[in-house]
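Next come the chains, spelled out residue by residue.
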Amino acid sequence: MSLHQSVFIAVFSVSVFFFIFSCYQRVQLVAIGGAENRFDNPGGRLLGMFGSAFAQKRVLARPYGVNHFLLFWAFLFLLLANGEFILEGLIPGLNFATILPPPLHHVLALLFDLVSLIALGAVVVAFARRLFFPPEYLGNDYTKPASFEALLILALIATLMMAFFLLNAAHIAAGQTDTWRPVSTALSMPLHGFSASTLSGVIQVSWWVHALILLLFMNLLPRSKHMHILTAIPNCYFQNLEKPNTQPREIFEKGARYGVSSVDHFSWKDLLDSLTCTECGRCQDLCPAHNTGKPLNPRRIVHDIKLNLIKNGSAIKNGKSSELSLIGEAADGTICHEAIWSCTTCGACTSVCPVLIEQMPKIIKLRRHLVQEQALFPEELLNLFENMEQRSNPWGLAPSERTKWSSQLGDRSFKQGETEYLFFVGCAGAFDSRNKHVTVALATILDSAGVSWGLLGKDEQCCGDSVRRLGNEFVFDKMAKENVALFKERGVSKIVTQCPHCFSTLKNDYRQYGLEIEVLHHSQLIAELVESGKLKFSKLSEQGTVVFHDSCYLGRHNDVYEAPRAVLTAATGKSPGEFDRNHENGYCCGGGGGRMWMEEQTGDRINLERVKEAMQLQPDTLCVSCPFCMTMMEDGLKDLSVADKCRVKDIAEVVAEALR
Amino acid sequence: MLVISCIKQVPDTTQVKIDPVTNTLIRDGIPFIINPYDSHALEESLKLKERYGLRSVALSMGPPNAEATLRKAYALGVDEAILLSDRCFGGADTLATSKVLSAAIERLNKQDKVGVVFCGKQTIDGDTAQVGPGIASRLGFSQLTLVDKIESIDFLRKTIKVRRKLEGRHEIVEAPLPVMITVVRELNRPRYPVVPMRIAAEEMEIKVWDNSVLKLDVNTIGLKGSPTWVSKIFSPERDQGEIIGDGITDPVGTTNLLIDKLLGKELLTV
Chain A
0 MSLHQSVFIA VFSVSVFFFI FSCYQRVQLV AIGGAENRFD NPGGRLLGMF GSAFAQKRVL
60 ARPYGVNHFL LFWAFLFLLL ANGEFILEGL IPGLNFATIL PPPLHHVLAL LFDLVSLIAL
120 GAVVVAFARR LFFPPEYLGN DYTKPASFEA LLILALIATL MMAFFLLNAA HIAAGQTDTW
180 RPVSTALSMP LHGFSASTLS GVIQVSWWVH ALILLLFMNL LPRSKHMHIL TAIPNCYFQN
240 LEKPNTQPRE IFEKGARYGV SSVDHFSWKD LLDSLTCTEC GRCQDLCPAH NTGKPLNPRR
300 IVHDIKLNLI KNGSAIKNGK SSELSLIGEA ADGTICHEAI WSCTTCGACT SVCPVLIEQM
360 PKIIKLRRHL VQEQALFPEE LLNLFENMEQ RSNPWGLAPS ERTKWSSQLG DRSFKQGETE
420 YLFFVGCAGA FDSRNKHVTV ALATILDSAG VSWGLLGKDE QCCGDSVRRL GNEFVFDKMA
480 KENVALFKER GVSKIVTQCP HCFSTLKNDY RQYGLEIEVL HHSQLIAELV ESGKLKFSKL
540 SEQGTVVFHD SCYLGRHNDV YEAPRAVLTA ATGKSPGEFD RNHENGYCCG GGGGRMWMEE
600 QTGDRINLER VKEAMQLQPD TLCVSCPFCM TMMEDGLKDL SVADKCRVKD IAEVVAEALR
Chain B
0 MLVISCIKQV PDTTQVKIDP VTNTLIRDGI PFIINPYDSH ALEESLKLKE RYGLRSVALS
60 MGPPNAEATL RKAYALGVDE AILLSDRCFG GADTLATSKV LSAAIERLNK QDKVGVVFCG
120 KQTIDGDTAQ VGPGIASRLG FSQLTLVDKI ESIDFLRKTI KVRRKLEGRH EIVEAPLPVM
180 ITVVRELNRP RYPVVPMRIA AEEMEIKVWD NSVLKLDVNT IGLKGSPTWV SKIFSPERDQ
240 GEIIGDGITD PVGTTNLLID KLLGKELLTV
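Top to bottom, those sequences are chains A and B. Note that numbering that gives the first Met the number 0 numbers the first sequence so that position 450 is 449, with each residue one more than the last. Note that numbering that gives the first Met the number 0 numbers the second sequence so that position 239 is 238, with each residue one more than the last.
Honestly, I wouldn't trust all of these hints.
Said to hold, decoys possible - Below, a list of computed lysine-lysine pairs in the BS3-like style, where the Cα atoms sit at most 30 Å apart:
1) A:Lys-403 / B:Lys-206
2) B:Lys-148 / B:Lys-112
3) A:Lys-573 / A:Lys-435
4) B:Lys-48 / A:Lys-253
5) A:Lys-644 / A:Lys-242
6) B:Lys-260 / A:Lys-403
Stated by the list, open to error - Here are some chain A residues the structure puts well away from chain B; computed CB gaps all over 10 Å:
7) Ser-14
8) Val-208
9) Arg-222
To be verified - Chain B residues, not near chain A, derived (Cβ > 12 Å throughout):
10) Pro-62
11) Arg-188
12) Arg-190
13) Asp-209
14) Asp-216
15) Asp-245
Read the hints as simulated data drawn from the structure, not as lab findings. Glycine included, every Cβ here is placed at the ideal spot set by N, Cα and C.
Full structure from sequences and hints, please.
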């Protein structure tokens with residue numbers, strides 16, 4: 000055995016040992032998390048993994064993604080080349096040339112050469128992006144685009160490629176023929192004048208540089224944000240196959256724990272998420288709270304969970320108490336209260352993450368702890384919680400007031416076996432004076448199309464959306480059970496709502512309580528009625544220039560994007576204008592996740608930002624499909640003193656005007 | 000030393016309607032809540048418990064279903080909850096009610112000295128504000144009403160200093176213990192029950208003291224012992240309101256309509 004071979008075997012063994020040890024440590028950290036079933040439906044999981052991890056669907060949604068795509072695939076493919084390299088290092092003479100038939104070996108050699116060039120090019124682009132034209136979202140308060148870690152990894156990859164080329168070029172200059180390596184051949188030109196011993200030295204040095212960097216790179220992976228190279232693919236496999244439009248139920252019994260106050264209370268998947276974050280900053284870029292100066296940054300949440308896990312992991316594993324608290328004054332590894340309460344649960348972070356990290360659900364887990372075990376929450380919520388529990392509506396109004404809007408419609412109560420649709424009006428639609436107009440408009444539309452509909456009247460209760468998103472699962476659990484029992488008792492089989500929050504809660508959350516019935520948002524039902532010809536317009540609805548604002552709980556959380564647009568197109572005769580940020584990139588009004596009931600004291604107001612964006616389009620009518628959006632947009636227009644230039648209307652109001 | 004909070008279960012009066020025929024409260028399906036002022040009394044008793052290590056006892060007189068209110072008191076953290084319930088306590092006015100509550104407090108005082116009794120300033124169903132003072136005078140306790148701040152308690156000198164919220168002014172008063180204090184909303188912010196306590200409260204024992212325990216003369220309590228009674232309840236006549244015009248799309252036109260209407264009814268003159 001040559002000295003070269005023995006030294007390499009020793010270095011390689013030590014590296015592999017350390018690599019496996021690091022990975023084992025990380026697996027141990029993930030294992031302190033709680034149970035969560037992410038093992039069902041392997042077919043769907045493989046498919047999802049292929050789309051997200053291998054086809055890099057979400058990475059490619061942005062132009063720079065192409066560069067990452069190239070790097071990713073070059074990396075995967077060059078694993079083969081590096082495998083060959085290590086094989087030959089361990090057993091000299093054993094390489095693809097000796098074990099593969101020549102045509103295959105030639106093709107591989109050619110591809111290795113070309114792909115390495117592509118990888119090198121992609122690394123140069125990545126360097127330039129981080130150094131010269133970094134997008135704003137790459138940096139934040141704890142990292143910058145040109146961070147040492149990022150540049151080091153890029154430098155290592157570049158050196159790896161260059162050493163690979165130099166090694167092959169030196170071999171060619173030293174007389175190797177039939178190599179099928181055009182790039183290396185071209186690079187070998189300047190080396191032809193060197194002596195055989197010089198070339199042999201170049202070969203030795205470049206071989207060792209390549210070998211050592213390869214092993215160093217491997218060992219850096221588990222200890223840096225480049226852990227994602229190892230965890231992204233499994234993380235995509237273990238993705239939540241459902242949209243994060245609902246939260247799992249909690250069991251209320253003696254001795255149970257509610258929510259998360261320590262990092263080991265998260266599920267193993269939450270912890271895997273934290274180790275998978277690549278720090279690309281896309282979630283931060285879209286987060287309405289972050290964009291308006293709140294202390295919440297979804298990426299920071301995930302990062303803090305990771306720091307906390309690394310800091311506390313071994314203590315927790317050994318049954319000791321954790322050293323660093325998970326919730327408290329903002330610090331590395333500690334999430335501050337205001338960050339937790341700033342989330343609007345709009346879901347933009349989860350919908351954009353290229354490696355399918357679920358940021359928002361983690362925030363709700365933290366809220367669950369704060370509300371249910373500590374009773375620590377912004378003081379505005381005390382009234383909300385009491386009102387919800389006592390009178391089943393956010394304002395604490397008397398349930399008998401629910402029917403006021405319909406007092407002139409005669410008896411419209413839901414009759415079992417006779418009525419087709421339960422019109423679930425919702426609290427805003429029944430109590431809020433502005434939104435009552437939407438309720439009346441929808442009733443007019445349903446009557447005009449001859450739909451059989453009925454009301455629960457004063458027996459209707461709040462769906463519980465806000466309390467669930469705010470982490471008050473105990474109260475939600477009670478409300479959901481009561482509502483489901485009521486629907487079953489009354490024989491309800493179809494529901495139409497005028498609020499995306501009611502819609503999503505009845506449709507998705509109540510499924511956990513055994514309610515599997517048809518739930519439609521009014522945009523869907525109206526679109527259906529227009530489509531089938533049951534709803535006929537007597538004229539076009541005159542609204543001037545219309546811009547449509549997507550509701551998060553209708554769009555991002557339930558994929559209903561086209562129905563409201565189709566309705567507006569049919570009623571006004573032209574398709575509505577679009578915000579720059581529309582569909583899945585839509586921007587929250589600021590009212591979701593229970594934020595509707597809280598003051599917005601830090602930074603700018605989210606609704607103002609959205610209204611300013613709208614006013615750039617100079618609309619006459621800003622169209623919404625959600626009572627919270629309605630309030631937020633109207634307030635925004637008033638605050639900016641532009642309420643005389645633009646009005647806010649629900650799609651139902653626009654449609655009703657085409658019926659008069 | 001004991002700190003007692005007297006709490007009453009009341010119908011949620013925002014939801015109560017009066018039967019126009021019988022002139023009685025329609026209580027069907029009306030949820031019961033803890034009298035809002037009493038929840039501040041309860042909160043202050045819990046604060047004293049936490050600050051001075053007093054034992055906190057919640058007392059309520061009412062029908063058996065008032066147990067729900069006492070369970071909530073357990074969920075919030077009281078050490079003991081006692082329901083004063085007996086058919087012969089029923090129909091009581093403020094005099095008879097304060098008699099029963101005083102007897103219960105006296106009984107507790109025999110086990111452990113009572114330092115402070117907190118009551119809400121009044122209830123939202125009766126609105127008399129008499130029961131608290133009734134207890135104080137019956138027991139010979141100091142009487143401090145409308146308190147919005149506890150300034151200090153001196154257990155050595157056995158005195159308490161509080162701030163009373165009066166119309167347009169505050170009054171700082173010192174009084175010897177034991178004391179009966181009625182509280183206003185400004186005193187504190189009631190806590191929200193945490194879930195583990197709520198679940199534990201489900202299994203807590205609520206002591207029921209009936210008249211076999213208190214041994215009061217039945218002619219001095221309940222309906223028999225009440226010199227006042229309700230002869231009639233009625234809601235003032237009000238014509239049905241109406242919605243005119245469309246204030247959203249035509250605010251000017253709607254305002255004109257309203258003015259015409261008011262002029263027509265001679266509620267406005269030009």
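A quick look at each hint next to the structure:
1. For the proposed pair Lys-403 (chain A) and Lys-206 (chain B), the alpha carbon gap of about 43 Å is over 30 Å, so the pair is violated.
2. Taken as a hint, the Lys-148 (chain B) and Lys-112 (chain B) pair is honoured in the structure, with Cα atoms around 23 Å apart against an allowance of 30 Å.
3. Taking the CA atoms of Lys-573 (chain A) and Lys-435 (chain A), the gap is about 27 Å. The hint holds against a cut of 30 Å.
4. At most 30 Å may separate the alpha-carbon atoms for a hinted pair to count; Lys-48 (chain B) and Lys-253 (chain A) meet this at roughly 25 Å.
5. Taking the CA atoms of Lys-644 (chain A) and Lys-242 (chain A), the gap is about 38 Å. The hint is violated against a cut of 30 Å.
6. Restraint check: the Cα-Cα separation between Lys-260 (chain B) and Lys-403 (chain A) comes to about 22 Å, which is no more than 30 Å; the hinted pair holds.
7. Here Ser-14 (chain A) stays apart from chain B, with its beta-carbon at least about 49 Å from theirs, past the 10 Å limit.
8. The Cβ of Val-208 (chain A) sits about 60 Å from the closest Cβ of chain B, beyond the 10 Å cut-off, so the non-interface label holds.
9. Residue-level check passed: Arg-222 (chain A) sits 39 Å from the nearest beta carbon of chain B, beyond 10 Å.
10. Non-interface call for Pro-62 (chain B) relative to chain A: holds, since the shortest CB-CB distance, roughly 19 Å, exceeds 12 Å.
11. Some Cβ of chain A comes within 12 Å of the Cβ of Arg-188 (chain B); the nearest lies about 7 Å off, and the non-interface call is violated.
12. Residue-level check failed: Arg-190 (chain B) sits 6 Å from the nearest beta carbon of chain A, not beyond 12 Å.
13. Remark: the non-interface label on Asp-209 (chain B) is consistent with the geometry, its nearest Cβ contact in chain A lying 29 Å away (cut-off 12 Å).
14. At roughly 38 Å, the least C-beta separation between Asp-216 (chain B) and chain A is larger than 12 Å, which holds for a residue marked as non-interface.
15. Asp-245 (chain B), annotated as away from the interface, has a beta carbon of chain A within 12 Å; the closest lies near 8 Å.
Checked against the numbered hints given earlier, this structure breaks hints 1, 5, 11, 12, 15; the rest are met.
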